[in-house]
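As they're listed, the protein sequences go chains A and B.
With the working numbering, the residue at position 22 of the first sequence is 22, and numbering never jumps.
With the working numbering, the residue at position 99 of the second sequence is 99, and numbering never jumps.
Read the hints as simulated data drawn from the structure, not as lab findings.
Virtual Cβ for every residue (Gly too), placed ideally from N, Cα, C.
Take the hints with a grain of salt, since some may be wrong.
Short derived list, chain A residues pointing at chain B, Cβ under 10 Å [to be verified]: (1) Phe51; (2) Phe72; (3) Ile94; (4) Leu97.
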Amino acid sequence: AQSVSQHNHHVILSEAASLELGCNYSYGGTVNLFWYVQYPGQHLQLLLKYFSGDPLVKGIKGFEAEFIKSKFSFNLRKPSVQWSDTAEYFCAVITILTGGGNKLTFGTGTQLKVEL
Amino acid sequence: DTGVSQDPRHKITKRGQNVTFRCDPISEHNRLYWYRQTLGQGPEFLTYFQNEAQLEKSRLLSDRFSAERPKGSFSTLEIQRTEQGDSAMYLCASSRDPQGTEQYFGPGTRLTVT
């Protein structure tokens, strides 16, 4: 079964610092990868996704992620974080289900706190 | 799009009671998913509907859990004889495109079993 692991459970940064959150996936074949974000009190929102093509994926709010197949990684980056980026970040991989649907398998999440 | 809505947002129940949650997906989304999220963990897949058909169930979904989507629109998730281990956030998501790859999540129902 496909899985993802996030090794940083809690990250604290100062505003304007650069961010990189690690995500490693287990499956060696074709993968579809996602980063979701959950701001305090809000629902999960899609930040960005990778299906194929350019391994550097741009998302919303200045986030990007790089798919490195040789390292089984899909790390999330942002050059300069803001206080409003304080949230929990989840990496996820898709598994195709019967009938054309799919399920998301999430990592355990990284809680990011940005201090002023 | 008004987004995925879930009701109630919070539910406190005593052990042994039955509870039912409702999910209203984004209109015209034919795929609907239920996930469960416990503290310190990412969401875990429970079950999936394509229209009214329940096509996949996780082994996490014990016999006490049942989900329906009778008319292919809203869905309900019922837990019978609740246990303290059922305490969690129950999330609903829906998707539209043929691959169903982008899922839109609702705010969740937080269940506390006392």
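Against the structure, the hints come out as follows:
Proximity of Phe51 (chain A) to chain B holds as hinted, the smallest CB-CB distance being about 7 Å (cut-off 10 Å). The interface hint given for Phe72 (chain A) is broken, as the beta carbon of that residue sits about 18 Å from the closest beta carbon of chain B, more than 10 Å. A cut of 10 Å between beta carbons decides the hint on Ile94 (chain A): the least distance to chain B is about 6 Å, and the hint holds. Because the beta carbon of Leu97 (chain A) sits about 5 Å from the nearest beta carbon in chain B, less than 10 Å, this interface hint is met.
In summary, the one numbered hint that this structure violates is 2.
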